[in-house]
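The primary structure of each chain is shown beneath.
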Amino acid sequence: QKEVEQNSGPLSVPEGAIASLNCTYSDRGSQSFFWYRQYSGKSPELIMSIYSNGDKEDGRFTAQLNKASQYVSLLIRDSQPSDSATYLCAVGYSGSARQLTFGSGTQLTVLP
Amino acid sequence: DTAVSQTPKYLVTQMGNDKSIKCEQNLGHDTMYWYKQDSKKFLKIMFSYNNKELIINETVPNRFSPKSPDKAHLNLHINSLELGDSAVYFCASGRGNIQYFGAGTRLSVL
Numbered sequence: 001q002k003e004v005e006q007n008s009g010p011l012s013v014p015e016g017a018i019a020s021l022n023c024t025y026s027d028r029g030s031q032s033f034f035w036y037r038q039y040s041g042k043s044p045e046l047i048m049s050i051y052s053n054g055d056k057e058d059g060r061f062t063a064q065l066n067k068a069s070q071y072v073s074l075l076i077r078d079s080q081p082s083d084s085a086t087y088l089c090a091v092g093y094s095g096s097a098r099q100l101t102f103g104s105g106t107q108l109t110v111l112p
Numbered sequence: 001d002t003a004v005s006q007t008p009k010y011l012v013t014q015m016g017n018d019k020s021i022k023c024e025q026n027l028g029h030d031t032m033y034w035y036k037q038d039s040k041k042f043l044k045i046m047f048s049y050n051n052k053e054l055i056i057n058e059t060v061p062n063r064f065s066p067k068s069p070d071k072a073h074l075n076l077h078i079n080s081l082e083l084g085d086s087a088v089y090f091c092a093s094g095r096g097n098i099q100y101f102g103a104g105t106r107l108s109v110l
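Protein sequence lines, in the order shown, are assigned to chains A and B. Residue 42 in my numbering is what sits at position 42 of the first sequence, and the numbering runs on without skipping anything. Residue 60 in my numbering is what sits at position 60 of the second sequence, and the numbering runs on without skipping anything.
Bound conformation, chain A alone (with noise of 0.2 Å):
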């Protein structure tokens, strides 16, 4: 049975902190790792991928990856209180299957 957990939350932090959101995986054959924020009342968006490990960086968006503890992250820099919202931790594995298992979402709050 692939698992993958994150922290329910909520988390909130105050405009212009550093948001840290955490996941970990159980499939030590987990080859792809994405994270997807949702808004409520709407659609995942897919907002980071990541493949290897160490770090990648779009914007205010990092995404670190350490296979060995099988822990993926996501920090925001400068939060704003539009990245309110469920941020959804996936992990992809290879065949044709091509399936993501999702994790339940942390919801963060940024306060003005």
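No wet-lab data here; the hints were simulated from the structure. A hint or two may mislead.
What the hints assert, rightly or not - 20 Å max Cα-Cα, derived DMTMM-like pairs, lysine to aspartate or glutamate:
id, chain 1, residue 1, chain 2, residue 2
1, A, Lys2, B, Asp38
2, B, Lys40, A, Glu3
3, B, Lys40, B, Glu82
4, B, Lys40, A, Glu45
To be verified - Partial selection, computed: residues in chain B whose CB lies under 10 Å from chain A:
id, residue
5, Tyr35
6, Lys41
7, Lys44
8, Ile56
9, Phe64
10, Gly94
11, Gly96
12, Gly102
13, Arg106
What the hints assert, rightly or not - Label pairs and their in silico Cβ distance ranges:
id, chain 1, residue 1, chain 2, residue 2, range
14, A, Ser52, B, Phe42, 42 to 52 Å
15, A, Leu111, B, Met15, 21 to 31 Å
16, B, Lys67, A, Glu15, 46 to 56 Å
17, B, Arg95, A, Ser82, 26 to 36 Å
18, A, Lys56, B, Asn17, 40 to 50 Å
19, A, Ser52, B, Gln14, 28 to 38 Å
20, B, Lys67, A, Leu111, 45 to 55 Å
Using N, Cα and C, we set each Cβ at its ideal position, and we do this for glycine too.
Using the hints provided, position chain B relative to the given structure of chain A.
Chain B in isolation, oriented as in the chain A frame:
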């Protein structure tokens, strides 16, 4: 142009009814998916089709039947609706492991 579009956006119906949700993608992807998201935001895969062929069929009651007339369309038909079917259903399409989601269909069974 909406990349992944699904209709209807809202669906309110009585227990025991049969309903369908339609999904279309114009991204040229070979793979399409149906997910169910419950009230706790947990997003769970139901089905996946690759080029009209069923490749993922998770433990879903056989009241749920996907149909893919071509690789740009994946519809979901639900028979004999139950209260527990109330959820948001998302269609997605993808290439590799990267998936793009439709706006969702909020199904309420009364």
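For each hint, the structure was consulted:
1. Lys2/A - Asp38/B: holds (19 Å)
2. Lys40/B - Glu3/A: Distance ~16 Å between Lys40/B and Glu3/A Cα, so the pair holds.
3. Lys40/B - Glu82/B: Holds - the C-alpha atoms of Glu82/B and Lys40/B are around 19 Å apart, at most 20 Å.
4. Lys40/B - Glu45/A: Holds: Lys40/B and Glu45/A sit about 18 Å apart, inside 20 Å.
5. Tyr35: Result: holds, 8 Å to nearest chain A Cβ.
6. Lys41: OK, holds: Lys41/B within 10 Å of chain A, min 5 Å.
7. Lys44: Holds. Min distance 8 Å.
8. Ile56: For Ile56/B, the interface hint holds, since the closest Cβ of chain A sits about 5 Å away, which is under 10 Å.
9. Phe64: violated (17 Å)
10. Gly94: holds (6 Å)
11. Gly96: holds (6 Å)
12. Gly102: Constraint on Gly102/B satisfied, holds at 6 Å.
13. Arg106: holds (9 Å)
14. Ser52/A - Phe42/B: 42 to 52 Å: violated (28 Å)
15. Leu111/A - Met15/B: 21 to 31 Å: violated (42 Å)
16. Lys67/B - Glu15/A: 46 to 56 Å: holds (47 Å)
17. Arg95/B - Ser82/A: 26 to 36 Å: Once the Cβ atoms are compared, 29 Å apart, the range 26 to 36 Å for Ser82/A and Arg95/B holds.
18. Lys56/A - Asn17/B: 40 to 50 Å: holds (47 Å)
19. Ser52/A - Gln14/B: 28 to 38 Å: violated (51 Å)
20. Lys67/B - Leu111/A: 45 to 55 Å: At 46 Å between Cβs, range holds.
The earlier numbered hints that this structure contradicts are 9, 14, 15 and 19.
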